[in-house]
Structure formats: structure tokens, C-alpha cells
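For reference, the chains in residue letters:
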Amino acid sequence: MIDHILTLLIFFPALAAMLGFVVTKDSMRAYGIAVAFIEFVLSLWLWYAYDPMISGMQFMESMPLIPAFGINYLLGVDGISLFIIILSTFFTLIGIASLTETRRLKDLIITLLFLEMTMVGVFAALDAIVFYVFWELSLVPMLYIIGAWGGPLRIYASIKFFLYTFTGSLVMLVGMLFMAYFYYQATGQWSFSILEWYRLILPENFQLWLFAAFFLGFAIKVPMFPFHTWLPYAHGQAPTIGSVILAAILLKMGTYAFVRFSLPLFPDASVFFMFPIAIIAIIMIIYTAMVAYAQEDIKQVVAYSSVSHMGVIILGTFALNVEGVSGSVFLMLAHGVVSGALFLLVGVIYDRRHTKMMSEFGGLASVMPRYATIFGIMMMASVGLPLTINFVGEFLCLLGFYKQSHMLTLTAGVAIIVGAIYMLSAYKKMFFGAVTNEKNKNLKDLNRTEYLGLIPLVIVAIWLGVYPKPVLEPINNSVESVIQLMHDKAQSPEAKARIPDLSGKNEIIPMQEAH
Amino acid sequence: MELYLYIALFAPLVGSLYASLFGGSPKSQHVGIVASGLLFTSFVSSALLLSYVMGGHTVHVELMTWMETGDLYIPFGFVVDQVSVVMMMVVTIVSTVVHIYSIGYMDHDKGFNRFFSWLSAFVFSMMVLVMSDNFAGLFIGWEGVGLCSWGLIGFWYQKESATWAANEAFIMNRIADLGMLIGIFLIYWNTGSLQYDVVFSEIGNLPLVVTTWIGIFLFIGAMGKSAQFPLHTWLADAMEGPTPVSALIHAATMVTAGVYLVVRANPIYDLIPNVGIFIASLGAFVALFAASMALVNRDMKRIIAYSTLSQLGYMFVAAGLGAYWVALFHLMAHAFFKALLFLGAGNVMHAMHDELDPFKMGGLRKVMKGTFIMMTLASVALAGIYPFAGFFSKDLILEVGFVEHHYVIYTVLLLTAGLTAFYSFRLVALIFHGEERYKLFGIHPHEAYKFMLVAMSPLLLLAIIAGSFKMTYYQLVTSLLPDTQYHVHGEMTYWIMTIGTQLFVIAAIVFAYKKYSNWNSVPDGSSKLENSFGYKLLSNQYYIPKFYEEVFSKPYLELSRIAWKQFDLKIVDATVDSIANAIYKTGENTRDIQNGNLSTMLRWMVIGLVVLVSLALAFTVGYNAVGA
Amino acid sequence: MEITLTHYLVLSTILFAIGLIGVMRRKNLLMLFFATEILLNATNIAFAAISYYIGDLSGQMFAFFIIAIAASEVAIGLGLLIVWYKRTGKIDLDQMNSMRG
Amino acid sequence: MLEPINVSLASLNLATLAPMLIAIVGALAILVIDMVKGGLHKSLYVMISLLFLLLDLGALVDFAGVFLKNGTVLGFFDVMLMDGIAILSQIIIVVGSMLFIPLALTSKRFHEYNYPEYFALFLFMIAGFQFMVATDNLILIFVGLETASLALYTLIALHNRSKSFEAAVKYFTMGALAAGFYAFGSMILYAISGSVEINQIATVLAEDHYSNIGYVLVSMAFMIAAFGFKLSMVPFHTWTPDVYEGSSAALAGYMSIVPKIAAFVVAMRLFEFLVHSGVVWLQVILYIGVVVTMTASNIWALVQTDVKRMLAYSSISHAGFVMAAILIGTTQANTGLFLYWALFSFTNLGAFTMLWVNRQKNLLPGQSSDHPYEKFSGMIKTMPMGAVMMALFMLSLAGIPPFGLFWGKMYMIGSAVSAGYTVLALIMALNSAIAGYYYLKLIVFMFMKEPMVGYEKFYFMNASLSLKTIIGIAAVGTIFAVFAVNPLLEVITLFVYNSGY
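Chains as they are written, first to last, in the numbering used here: chain A, 36 to 550; chain B, 15 to 642; chain C, 751 to 851; chain D, 2 to 502.
These are computed hints drawn from the structure, not numbers from a lab.
Hints may contain errors.
[Unchecked claim] Label-pair restraints from in silico Cβ distances:
id, chain 1, residue 1, chain 2, residue 2, range
1, B, Ser567, A, Glu473, 27 to 35 angstroms
2, B, Val625, D, Asp79, 32 to 40 angstroms
3, A, His441, B, Val212, 19 to 27 angstroms
4, D, Val62, C, Leu761, 44 to 52 angstroms
5, A, Met88, B, Glu174, 40 to 48 angstroms
6, B, Val536, A, Ile318, 49 to 57 angstroms
7, D, Ser12, C, Tyr803, 47 to 55 angstroms
8, B, Val536, A, Ile314, 36 to 44 angstroms
9, A, Leu243, B, Asn609, 45 to 53 angstroms
Being a predicted model, the structure only gives us computed values, none of them experimental.
Even glycine gets a Cβ: it sits at the ideal position worked out from N, Cα and C.
Can you build the whole structure from these sequences, using the hints too?
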């Protein structure tokens with residue numbers, strides 16, 4: 036069973052979802068929780084069985100799918116993907132457990148379980164096409180969740196979300212096909228296996244074009260400025276569960292893909308584009324933080340804050356050294372936990388008041404002190420306070436990029452200031468001051484269900500902030516091998532210099548020689 | 015000894031967690047008692063460690079790994095050496111006193127338990143800050159105290175001004191923290207480590223320019239925490255918090271973290287004396303600058319806060335000039351008498367129902383004898399009258415300035431000393447002497463609880479006698495810090511200087527007493543003095559907060575709005591939508607091609623054919639032309 | 751003047767053009783069918799002529815097939831036309847636009 | 002003058018005619034049965050048609066075996082050409098027909114199915130298409146084309162609504178014009194090469210080094226116009242939406258698949274040798290045609306209010322997409338063409354069958370077409386299974402993996418990339434994105450809007466077991482396409498490659 040644990044992880048929720056059609060409406064919630072829990076336990080088992088000392092892929096599975104075109108059902112996890120998978124199962128569990136939605140709950144839970152399949156699939160796939168399949172497929176359940184359970188503009192938001200990301204990923208698909216074609220030219224065989232592609236050294240000008248093609252797909256997903264405008268709509272209209280999953284997991288697909296594809300496949304292009312992308316990342320960080328500050332809707336604040344944080348992740352990724360990339364992978368998890376929690380928290384107040392406008396609130400700290408406390412903890416985590424999960428990631432990202440550029444890091448570091456500004460002012464507007472709005476006077480504090488969702492997140496946010504080692508160590512080992520691979524493959528002297536040389540060598544086929 | 019270290023470190027955390035367990039429930043006396051008890055435990059452990067360290071040992075432990083990736087290795091490591099143990103003593107003494115005091119002070123507050131939770135958490139963060147053996151750990155404490163400061167300034171969160179001040183403090187500190195963070199990055203990428211011992215042994219090998227930048231960035235961090243100009247405005251506003259908080263955080267401990275950082279990083283600053291001069295100059299400037307604002311202020315706590323700011327300036331002068339042990343000594347002495355002063359002010363506030371304007375008080379010495387004595391003595395100490403603590407530490411700084419031939423700095427500091435004496439006793443005189451103006455407002459003042467006064471007494475004692483520890487202290491810390499001696503050449507000069515300073519200060523005190531001890535009215539802003547330019551300038555803090563408001567806060571908000579409404583929605587998003595709309599509109603506009611009329615359809619086919627044929631012919635003609 | 755293949759081809763082309771113009775201009779369905787017949791028969795002339803000039807029979811075969819197909823087309827076309835006329839009473843093209851867009 | 006014709010029966014190789022003859026015999030059999038005893042139920046004729054098609058398929062499979070062993074089979078004065086693509090396309094034609102013919106077994110009564118002639122015509126049409134693909138003789142192509150078309154016009158008209166007559170007349174008239182184009186184009190080719198066999202024309206032209214390039218191009222202009230009509234390339238596409246709207250959904254679905262694959266095969270035969278000979282003009286025209294067809298029809302599909310009409314435009318777009326294969330002309334691309342079409346037929350079968358299932362006798366109140374989007378509003382709440390199925394087909398059409406059409410799209414784009422047509426590949430990809438919108442629109446209506454009051458009863462009005470079965474087959478084919486892709490690819494590549502394409 037351990038040999039096929041990834042397949043099990045991917046398809047168990049889907050299978051359960053199909054069986055779920057049989058379950059009656061009243062029991063659906065319990066069923067959903069049970070399935071998500073089993074899935075979560077399975078993913079924990081994956082972690083338990085994972086050997087952190089091995090930097091390469093583990094639990095590999097391979098099955099020919101379309102061998103004539105080099106497409107295989109190829110799965111595997113390394114330190115980079117392992118924790119995002121666990122995060123996915125964790126958040127599905129949390130999301131279902133803390134669901135307050137009552138409209139057509141059964142459909143929602145089935146959709147969520149399908150979504151879980153696609154999420155785990157994306158992070159476990161090692162074949163570009165299989166990756167692409169799950170990547171695209173994840174749009175569908177999300178489309179439905181936003182479009183069916185969302186706010187008044189839900190249809191606009193969902194279609195925008197879908198088409199925007201769809202467009203980007205189609206360009207990415209062209210890139211993938213190109214990559215496969217290059218591989219075919221170099222070796223005479225079709226292959227979409229990422230691991231096989233890793234062995235290929237492309238001429239720099241090809242790298243640039245391919246990088247750009249992949250970039251569009253990833254950048255829209257992340258979303259990077261100026262492709263980010265679908266996100267506020269999606270978050271603004273999505274139901275709580277949709278926002279939680281979107282922010283916690285789906286956005287990570289983009290940043291994960293940068294680490295999985297762009298960096299090791301195109302080391303020279305990564306170096307070439309490092310500064311332009313860093314500048315985009317800085318724009319994301321500062322500009323969206325400013326936009327977040329101007330928001331009147333608390334959910335939009337969190338939504339824009341996501342973009343801002345994703346900027347830090349991108350910056351860390353393109354630090355192209357172990358510190359930065361490890362940091363960015365860690366920050367993916369951290370941001371998942373924190374933004375997921377923040378969206379859950381926004382959902383809590385939305386359930387009570389059916390509004391998200393900050394002007395409607397004020398003084399909630401005295402009415403709902405426990406809520407205010409947890410919100411405060413998560414806000415501080417979002418701001419990146421040391422000993423919370425976000426700090427580790429942000430610190431490493433900035434630290435890593437500092438090696439590449441002092442000035443840009445200094446500018447990007449403004450993140451910690453502007454982040455504090457919008458978060459604190461939003462918190463102040465919502466929780467501080469006197470209770471002026473009559474409707475807020477008798478609000479109930481958190482209930483059991485909500486605790487169930489939030490407490491684990493608080494624990495994780497602090498636990499991994501204080502003791503990130505169990506997670507950081509496997510990440511570090513895998514990232515080291517990625518960086519080493521990049522260094523070995525890099526051709527231009529600048530790239531060789533920018534990407535640090537670690538020890539150990541991987542086998543590589545230079546494309547020119549294979550011709 | 016490791017056990018004591020952990021007890022000293024974690025006892026406050028336990029207290030905080032214990033208090034937070036009851037955070038939501040109404041006041042429980044035991045929370046205060048337990049928290050104070052744990053703080054006392056921490057103090058005892060610190061004291062034991064002190065005696066151990068005085069024996070010439072240090073304790074260095076590594077609790078566990080924090081971050082490890084690539085070449086980066088950051089443990090939770092703690093060190094108790096001669097410097098940190100001094101800080102630990104200061105922190106634990108003052109915080110124990112403040113904790114006990116707070117049991118009385120927060121007696122009637124709904125957030126009693128929450129208060130203790132925050133307060134103990136602060137002490138824990140402060141302990142992490144001073145005990146950490148690396149820069150990252152220092153940064154944890156650094157941000158931790160910032161967080162607790164935020165929570166405590168905004169403790170009365172119903173008050174708009176309090177929450178505003180809390181956010182201001184946090185954000186301003188964050189600005190400085192960015193500098194610190196950059197300093198840490200520089201250190202890491204140049205020395206490969208963040209451990210003090212590694213860094214300090216490597217630092218000499220770095221190019222001077224790098225060291226200079228490291229020094230500058232670290233100092234930017236220190237400027238924020240220690241509220242040095244231009245990041246000083248938050249400190250006065252932070253007085254919105256409960257007074258024990260002001261005593262502990264914004265007088266005795268947190269604000270001195272910047273000084274501690276410079277002292278701790280002395281091997282770095284030793285290499286870059288130019289930066290040191292800058293630090294000293296800035297310190298001197300702030301000393302005078304803050305003192306001047308204190309002169310006319312009508313808010314008791316703000317006056318003390320400015321005085322704190324001014325004294326921090328003194329410390330930076332010492333630190334900047336390389337007299338690290340002097341800076342640390344003043345830090346210690348200042349912590350005692352300033353905390354005492356604040357706690358006294360707290361008593362007054364309680365008595366006056368949170369009235370802060372000293373002009374509305376007067377004659378309180380009759381009802382609040384204990385507080386009167388304590389505040390007077392604390393002010394004496396602050397003014398630096400022999401043999402109180404302030405004399406030993408502050409005069410030393412003056413001497414340092416003199417000996418190092420920085421006469422401008424010396425003069426400024428001397429002048430400031432006079433001003434300090436003046437405003438301190440202006441305050442004392444207005445509060446405790448003169449007519450009982452509070453009667454106009456129908457207030458019936460009363461003395462604080464006895465145990466609060468008892469709790470304050472250790473501070474009083476220390477404010478009086480701390481100077482006598484000078485030699486012991488000196489021997490202790492100079493085993494770690496550079497052993498710099500400051501002896502004014504010629505005994506005569508020394509005596510003239512010392513006595514001259516004393517006389518100058520006493521004169522200022524007398525002048526203040528003369529002017530204010532018989533005050534009998536509440537100024538209403540109509541007097542000539544109050545309308546003079548200088549007065550207005552000072553009472554508006556040189557218009558700096560207003561300047562910040564107009565130049566940074568408002569434009570930032572405005573810019574943010576523009577970024578959102580004009581740029582994000584109207585340009586970025588509209589571009590995306592317009593592409594989609596353009597495609598859709600094209601469809602709308604061209605769908606009439608399909609008008610359902612068979613004739614049109616046939617014509618389209620014929621047109622298509624004709625176009626194809628003409629293209630074929632055109633191509634042929636062109637092909638033949640090229641071919642021929 | 752000897753009549754060469756070119757003449758036939760030119761004739762064929764002219765006829766084809768007439769047919770095309772008819773197809774474009776005619777609004778009467780019946781006339782339209784005539785126009786398409788002209789098109790096909792224009793081609794027939796050319797096929798027969800080419801076949802003759804190059805001495806290959808397949809052109810003539812092609813012409814025969816075209817004739818046969820044209821005949822069946824007319825059968826179908828007229829059938830449709832009659833039904834249409836029965837239903838609407840008109841054979842005007844401009845009336846035929848219930849579907850559009 | 003003429004030599005006495007002396008032909009041995011064996012050299013005729015009449016077996017090559019077997020598949021078509023089976024279909025024709027089937028048609029005749031239906032007519033005979035009707036003559037013997039009238040008024041039999043349509044299910045009988047459906048089954049008879051199916052049986053004959055099965056035999057037809059059997060014959061084709063047999064040919065497939067022969068082809069793999071001995072290569073291309075010629076017959077009947079070398080007019081019949083049973084090469085790989087002929088066999089492949091016939092299999093697609095026959096299988097497609099077999100899947101569509103059971104759609105006649107609706108629960109509601111429709112006029113056309115009461116006539117046995119309907120089924121006879123259907124089989125004649127299939128025979129016509131089979132002739133069309135199984136030859137490279139321009140005459141036989143013409144005959145096959147017209148046989149099929151004339152039958153098709155009639156089938157459309159048999160639907161017996163004023164719209165279907167209008168559709169038939171439009172289709173017929175334009176078809177006649179296209180036939181004229183075809184004839185004229187063939188004439189020019191005949192004039193310059195003296196042959197009506199495509200491979201001979203190619204040989205002659207090559208030996209001649211294309212000295213008559215002008216005539217070749219003009220003839221190609223006519224041919225493009227003629228096949229542009231069949232393949233509904235812009236601007237020869239105008240019949241498509243009207244005809245789809247006018248005919249029954251079942252027939253519209255059929256038209257979107259089978260006639261086009263026949264036309265594709267002829268287009269491959271006709272154009273690819275020129276593309277390979279480096280006739281730049283043709284490449285440019287095809288490039289423009291492909292891009293314009295894909296894009297314009299996509300854009301028009303965006304603004305449709307009727308689902309069937311939208312699907313009509315979408316079919317045009319898909320056809321344009323696949324036309325790219327002829328432009329690219331590599332084996333990979335041609336393989337992609339067949340793969341795409343095989344997968345497309347399953348998906349479109351499902352989509353049109355879903356429309357067919359939801360067909361009611363009369364127009365909905367306040368609506369002017371049979372399948373307005375509003376009709377599907379909130380379907381998830383009233384007919385969850387139906388909505389999920391429809392969504393599945395829409396997603397497949399949009400190219401969302403892992404559903405059927407994605408693999409076709411991927412392979413086509415891949416072949417464009419491999420042949421160096423990067424920009425084309427990007428345009429193809431972006432067009433898929435535009436197309437996403439209108440497919441999504443239906444999903445939005447079904448899943449995110451509230452049901453229209455009183456519309457529930459129209460769902461599945463026309464459903465019967467056989468229709469549901471067809472939907473099931475289509476769904477399975479669409480969902481599990483990934484497992485079929487590899488065998489399909491291997492077989493198709495083998496056939497296409499061995500036919501020299």
C-alpha cells in the first residue's frame with residue numbers, strides 16, 4: 036500500500052465524493068469530515084514514512100498512460116511538495132469541519148472532495164501533462180464553489196477566475212509541448228517526465244522563451260502583478276470555504292510550479308529574469324499592500340494581503356539560493372495557514388452579520404474577545420512577527436534575496452512596514468473603539484465548530500514559528516538538490532555565479548551534444 | 015546554572031500563559047499574584063545568576079534549533095554574561111515591582127487578567143532580547159516587546175487615541191526593524207553566522223565599508239526602539255497606555271533595548287568610530303530636543319516620557335563615544351528612578367481620576383505624602399544630585415563627553431541637565447505644592463494602596479543607592495565591555511566641573527520651585543507666554559507629529575486610495591476586462607454578417623472565391639516577376 | 751478563325767461568371783437553381799473540350815457524371831422548392847431569414 | 002477507334018467496393034421491406050441500419066488487416082483506393098453513424114422517423130461519404146460528395162418544420178454553388194495535368210516543376226472554396242449555424258462529425274502534396290483560413306443565445322482547429338487530425354444528444370429557438386445528472402483535461418509546435434481560452450442560476466433508454482478518453498504513416 040500511497044491520496048477523495056452521492060443530506064457533513072480526516076491521516080502517514088534525509092523523489096509511482104507521446108502517470112513527492120500536500124488535506128479537513136454553509140451542503144462537500152483530489156494531484160504529479168491535468172481540473176470545482184455559493188457578483192467573479200487562469204495555463208501548455216519537443220529532439224524520445232526534463236540543458240534563448248510561456252501560466256495563478264485582478268473578485272465573491280482553499284492551496288500551485296519547473300528547467304533564464312521578476316514582486320508587495328490599506332471590506336484586505344505575501348514568496352524563489360528558496364517554500368505553507376485562517380475568521384463575522392464592510396464594525400474586541408484574540412494572533416502572524424510561522428518564511432526569503440541585491444531587498448523589506456500598516460489599521464477598525472453599531476452589541480463569540488477550525492491553525496501557526504525544523508529540514512534537503520541541479524546546468528557565467536555551488540553532481544545531457 | 019537561566023527566562027512566560035487562561039474572565043486577584051510571584055522567581059534566579067557571573071563565569075546554553083537551512087543556522091541560544099545579567103537584573107527588578115504595583119493600579123479594571131498576560135509576555139520577550147546569544151534571537155525579543163508594547167499601549171482599546179498610539183508605535187518600530195533586519199542580513203552574508211561570538215570574531219576581517227553599513231543599519235533598529243529622532247513621536251503618544259506600562263516598557267526596559275543593542279554590538283561599533291560620533295551627536299541632540307519639549311508640556315506623563323527620551327539621548331552619547339559601560343550604567347540607574355517616577359505619576363493619576371494636567375493639581379503633598387516623597391526623590395535622582403543614582407551615571411556621561419574632547423556635546427548635555435532639573439521640579443512643584451487647584455474640578459484625591467507604595471520602595475532604594483554599586487558594576491562589566499576610563503585631567507578641573515554642574519542643576523531646581531510652587535490658576539491658553547512662538551513650537555512638539563501626519567500618513571492613505579480606485583480598478587482590471595469586452599463586442603458587431611439571408615450567404619461564398627482567385631493571380635504575377 | 755481550346759475555356763469561364771453573377775443577384779429561388787445549372791454546365795463544356803483536345807476520356811466521363819448529378823440536384827432542389835412554396839406561398843429569398851446571427 | 006475493353010474480374014478487385022455496397026444494400030433492403038409491409042416501427046429500421054453498418058464496419062476492419070499486411074489496396078479500375086486514411090476515416094464515419102442512428106429512438110414522435118426512406122437515405126449518405134474518402138479520383142469524389150449531400154439535404158428537410166426547410170434550401174443552394182466550384186476547380190486541374198487522379202496530377206505537376214503555377218493556384222482557390230464550404234471555413238461557413246438550428250439536434254450532431262471527416266480526408270489528399278511541395282501561397286491561405294475560421298467563429302459563438310447555434314459555431318471553430326493539421330502536414334499532425342476527430346465525435350455526440358434529449362415538440366413560451374440558454378437555467382437543481390453530463394461535455398469541448406477533447410487539442414498543438422508553427426500553436430491555445438467562455442456560459446446557466454419556473458418538465462422530455470445509453474457511451478468515452486488515446490495514437494499513426502501522410 037505504501038507503494039501506491041500517492042495514488043491513494045489523490046483518488047481516495049474523488050472516490051469518496053462519488054460514493055457521497057448516496058449519502059443522505061443530513062449525514063453529508065459527517066461523511067465529509069470523515070473522508071477528509073482519513074485523507075489527512077493518510078497524508079500524515081506519508082510524512083511519517085517520508086525519509087527527510089533523501090533529497091530526491093520518494094514514493095514514486097509510474098504507469099504508462101500515453102507512451103506513444105511520452106506521457107506517463109508519474110507521481111512522487113519530495114520535501115517541497117510533501118508539505119503542500121499535507122497542507123491541502125489539512126485545509127480540506129479544516130474547511131469541511133468548519134463549514135457553516137447550509138445551502139446544498141451535499142453538493143458543496145462533494146465538490147470540495149473533488150477539489151482535494153486535484154490539489155493533491157497537482158503537487159504529487161511529476162509528469163508535466165499529469166500536472167497540467169490536475170492543474171486545470173482544479174479550476175472546475177472552484178468555479179462551481181464561487182459561482183454557486185458566492186455573493187452577488189459571483190458569476191462574473193467565477194468566470195473571470197476561470198478564464199483568466201485558463202488562458203494563462205494554455206500558454207503554459209504550449210510551453211510544455213515545446214519542452215517535450217526539445218526533449219524529443221535531444222533524445223529521440225517523447226517524454227513529459229519532469230525528472231527527465233531536468234537532465235536537459237537548453238540553449239539560453241530557448242530557455243528565455245519557454246520561461247516566458249511557463250511564467251504566464253504560473254504568474255496568473257500566483258497571481259502576480261499585473262495579472263492579479265481576478266483574485267479580489269474571486270475572494271470577494273467566494274464563500275468562506277472557497278476563499279480559504281483558494282488562498283491556502285490554489286495560489287500555491289503557481290509558486291510551487293516556479294520551484295518545480297521554472298527554476299530547475301531554465302536556470303539561465305531564471306537568472307536572466309531574476310531582477311525583472313524581483314521588481315514585479317516588489318510591486319506586488321508594496322503596491323498591493325497599499326491597495327489593501329485602502330479597502331473598505333475586510334475580506335478584500337485579506338485578499339490583497341495575499342497578493343502582497345505572494346510577492347515575498349516570489350522574491351524568495353528567485354533568490355536562487357537555498358536560503359531563499361527554502362524560505363519561499365516554507366512561506367507557501369505559512370501563508371496557506373495564515374491566510375486560510377484569516378479567511379475563516381472573516382467568515383465567522385460574515386456569518387453573524389452578513390456584511391464584510393469594516394465600517395459596520397468597531398469595538399468587536401469587547402463583544403467577541405476570543406474571536407478578537409485569535410484574529411489578533413493570526414493578524415500578527417500575517418504581519419510576520421517572529422515565532423509565528425510567517426516570520427520564518429519571510430525572513431528566509433528576504434535573507435536569501437539579499438545575497439542577490441541589497442537595494443531590492445531593502446525595498447522589498449518595506450513589506451514588513453506596509454504589511455503592518457494595513458493589517459493593524461484593519462484590526463483597529465474592526466475590533467477597537469467603542470461598539471457604536473447596535474447590531475454588534477449582542478454578537479456571539481466563537482462557537483464550537485469555529486474553534487474546531489481555528490484552534491488547530493493557531494497551534495500550527497505558532498508551533499511551526501517556534502520549531503520549524505521538522506518541516507524546514509526536508510524542504511532544505513530537497514531545495515539543495517534543486518539548487519545544485521541549477522548550478523550544474525547553468526551555462527552563462529553570470530548564472531554560474533549567481534546560483535551557489537553545493538556538493539554532489541547530477542547526470543545531465545547537454546542538448547547540443549545530443550543533436 | 016542552566017536551570018536558573020531557564021527559570022529566569024520562562025517564569026514570565028508561564029505567568030503570561032497562566033494569566034491568558036483567565037483572559038476572558040473577570041478580574042481574578044490570583045492572576046496578579048501568580049504573575050508577580052513568577053516574576054519574583056525570575057528575579058531571584060537572575061540574582062543567583064548574577065552572583066555566579068560575578069564569580070567570573072558565564073552561562074551559555076542552546077535550547078534547540080530554530081531555523082536551519084542552507085548555511086544558515088539559528089538556534090535558540092541564550093547567554094548569561096556580564097552584560098546580559100545586568101540587563102536581566104534591571105528587567106526583573108523593575109518588572110517585579112511593576113507587577114506588584116499593578117495589582118493595585120489595575121484593581122478596578124475589567125481587563126485585569128489580560129493586563130497581566132500582556133505584561134508578563136512583555137517581560138518574557140525582554141528577557142529573550144537580552145539573553146539571546148545571536149542577532150536573530152535578539153530580533154525575536156525585539157519584535158516581541160514591540161508586540162507587547164502594542165497590546166499594552168492599546169490596552170484600553172475603546173479609546174481611539176490609545177489604539178492609534180499603539181498602531182503608531184508598532185509601525186514606527188517596524189520601520190526601524192527593517193533597518194535592523196537589513197543589518198542582520200548584512201551580518202549573515204558577510205560572516206556566515208548570526209551568533210554573537212562568531213560575528214564579533216569575524217567582524218574585524220570585513221571591509222570597513224561593510225562594517226559601517228552594518229553599524230548604521232543596526233543603529234536604525236536601535237533608533238526605533240529607543241525612539242531617537244526622527245522616530246521619536248511614538249514614545250510620547252505611547253503614554254496612552256496604563257501607567258505601569260509606561261514605567262516598565264516606556265521608561266525602564268524596552269526603550270533602552272536600542273542602547274543595549276549598541277552596547278552588545280560594541281565590537282562592531284568600536285571599528286567604526288565615525289558612526290559612533292554620529293550616534294553620540296544624535297543622542298546629544300535628542301537629549302536637548304526632548305528636554306525642550308518637556309519644558310512647556312501640560313501632560314504629566316508626557317513630560318516624564320520626554321525626560322526618558324532625553325535620558326536615552328545621554329545613553330547614546332555614552333555608547334556612541336565608546337563608553338559602553340557608562341551607557342549601560344546610566345541605563346540601569348535611569349531604569350530605577352524613571353520607573354519610580356512613573357509609578358508615582360500613576361498614583362497621582364489614580365488620585366486625580368486620570369487627570370494628567372499638572373496645572374489642575376497642586377498641593378497634593380498633603381494627601382499623598384508617600385508618593386510625594388518618592389517622586390521628589392526620583393526627580394532628585396533624575397536631576398543628578400549627589401549622592402543619588404543619577405549623579406553617578408549622568409555626570410559620568412558629561413565627563414566622557416569632556417574627556418573625549420567633544421565639547422559641543424558636553425555643553426549640550428550640560429544645558430540639558432539644567433533643563434532636566436527644571437522640568438522635573440516644575441512637575442513636582444505643580445503637582446504637590448501650591449494651591450489645591452483640583453478642588454475646582456470636584457476631585458477628591460486619595461493616596462494609593464499601601465502595598466503599592468511598599469512595592470515601589472525597592473526602586474526608591476535603588477534610585478538612592480545605585481550609584482554606590484558603581485565600582486562593583488564596573489569591575490563586572492568591563493570584563494566583557496571595553497575597559498575605558500574617563501578621568502578629567504587635573505583634579506581641579508574635575509572638581510570645578512562636578513560642583514559647577516551640581517550648582518547649575520540646583521539653580522534650575524530652585525528656579526522651577528520659585529516659579530511654580532505657588533501656582534494658583536489653571537492656564538487657559540491666553541497668556542502672553544503661551545501665545546509666543548517658542549512656546550507654541552515646543553508645545554506642539556516642533557510640529558513634527560503634524561508634519562508626519564501631513565507628509566506621510568495622509569498622502570499614504572490618499573495614494574493607497576488612488577492605487578486602488580484609479581489604478582487597480584480603472585487601469586489594471588479595466589484593461590483585462592476591456593480585452594474580454596473587445597472580443598465580445600467584436601462578436602456583437604460582426605454577427606450581422608450572418609443575417610440569415612441566402613443571397614448574402616451566397617455572396618459571401620462568391621466573394622471568398624473571388625478573393626482567393628485574385629490572391630492566386632496576384633501571387634502568380636508576383637512569383638513570375640521575381641522568377642523573371 | 752480556328753476554334754481552339756482557349757476559346758472553349760474562355761466560353762466556359764464566361765458562362766461560369768454569368769452563373770456566379772446569377773447566384774449573387776437572383777432573389778427568385780427558381781432562377782437561382784438555373785444559375786447553378788449554368789455553373790455546372792459551363793464546367794461541362796470545358797471538360798468536354800479539354801477531353802477532346804488532350805485525347806483523354808476521363809474529362810468526358812466527368813462531364814457525364816456532372817450532368818447526372820445536376821439532374822439529381824434539380825430533382826431534390828425542385829422538391830424542396832415545392833415544399834417551401836406550399837408552406838409559405840413564396841419563393842423569394844429575402845423571405846427566408848427566420849434564422850440569423 | 003477504341004480498343005475492346007478486356008478486364009479481368011480479379012483485377013477489378015471488387016472487394017474494395019464491399020463496404021459501400023453493404024451500406025447501399027442495406028438501404029435497398031429497407032426500401033424493400035417497406036414495400037413488402039408498410040407501417041413498421043422505426044426501431045426495426047434503426048436496428049436494420051445498425052446491422053448493416055456493423056457489417057460495413059466488419060468489412061472495414063477486414064480491410065484494415067489487409068492494409069497492414071499488404072499495404073494500400075487498389076480496385077475497380079484503380080479508382081478505389083483503400084489506403085490507411087481511407088480505412089480510418091471510414092471507420093470513423095461508420096462508427097459515428099452507428100452512434101447517431103439510435104438517436105432516432107426518441108420517446109416523442111418525430112415526423113421523419115416514420116418514413117423508412119429516412120433510414121435508407123441515411124445509409125446512402127454513408128455510402129456516399131465512404132466513396133468520397135476511398136478514392137483519389139476527382140470524379141468519384143464528386144459523385145460520393147454529391148450522393149451524400151443530396152441525401153443529407155433531404156434528411157434535413159424531412160424534419161418537417163419551416164425552419165428545417167429553410168435550412169435545407171439554404172444548404173442545398175450553397176451546396177450547389179460549392180459543387181460548381183468543385184467542378185470548375187477539377188476542370189482546371191484536368192486541363193493542366195490531363196488527369197483526374199490526384200496522385201497522377203501530383204506527379205505531372207512535379208515533373209513539370211509547377212510551370213503552370215498560376216493555374217494550379219486558381220484551381221486550388223476553387224477547391225478551397227468548395228471544401229471550405231464542406232468544412233465550413235470562414236467565409237464559406239454561413240450555412241452552418243442556420244442548418245444546425247434548422248435540423249434536429251441528432252442530425253446536427255451528425256453533421257458536425259461525419260461529413261467533415263470525409264471532407265478532411267479529401268482535403269488531405271488534395272492539398273497536402275502541394276503543401277509538401279512548398280507552395281507558399283497555399284500555406285499562407287491555409288494559415289489565414291485556419292486562424293480566421295477558429296477565431297471568428299469563436300467570437301461569433303460568444304454572442305449566441307441558443308445552445309445549438311453556439312455548438313454550431315463551436316463546431317466551425319473545431320473544424321478550423323483541425324484544418325491546421327492539413328497546413329502543418331506532418332505525420333504527427335495528420336495523426337492528430339484523426340485522433341482529434343475521434344475524440345471530438347464522442348464529445349459532440351454527447352453534447353448534441355443532450356440537446357436532443359431535452360428537445361420538446363414546440364418552442365418554449367417566449368423563446369424563438371429550441372435550446373435557449375435559459376432553458377438550462379438551474380438544471381443542477383432539477384436534473385442533477387443531466388446537468389453534470391452536459392457540463393462534462395462542455396468541459397471536454399473547452400479542452401479541460403482529462404476529458405476527451407483535451408488530448409486531441411494537446412496533440413494538435415504539440416504537432417504544431419513540433420513543426421515549428423509556434424505562433425499558430427499560441428493562437429490555437431488562445432482560441433481555446435476564448436472558447437472557454439461560451440462553454441462556461443452554459444455551465445453557468447446550469448449550475449449557478451436559479452431554475453426557470455415551469456421549465457423543469459422540458460428536461461429529458463425526449464429521453465428514452467437508447468438515448469440515455471448513447472449519452473452514457475459518450476460520457477464514458479469522454480471521461481476515460483485518456484486510456485483510449487494511446488491505442489488510438491498507435492493505430493492511427495500506423496495507418497497514416499503507411500499511407501504516406
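Results for each hint:
1. B/Ser567 x A/Glu473: 27 to 35 angstroms: Hint holds: Cβ distance 31 angstroms, inside 27 to 35 angstroms.
2. B/Val625 x D/Asp79: 32 to 40 angstroms: 36 angstroms, holds
3. A/His441 x B/Val212: 19 to 27 angstroms: 22 angstroms, holds
4. D/Val62 x C/Leu761: 44 to 52 angstroms: Since the Cβ atoms of D/Val62 and C/Leu761 sit about 49 angstroms apart, the hinted range of 44 to 52 angstroms holds.
5. A/Met88 x B/Glu174: 40 to 48 angstroms: 55 angstroms, violated
6. B/Val536 x A/Ile318: 49 to 57 angstroms: Distance hint for B/Val536, A/Ile318 holds at roughly 54 angstroms.
7. D/Ser12 x C/Tyr803: 47 to 55 angstroms: The hint (47 to 55 angstroms, Cβ to Cβ) is violated, given that D/Ser12 and C/Tyr803 are roughly 30 angstroms apart.
8. B/Val536 x A/Ile314: 36 to 44 angstroms: Violated - the Cβ-Cβ distance for B/Val536 and A/Ile314, about 58 angstroms, lies outside 36 to 44 angstroms.
9. A/Leu243 x B/Asn609: 45 to 53 angstroms: Since A/Leu243 and B/Asn609 have Cβ atoms about 47 angstroms apart, the given range 45 to 53 angstroms holds.
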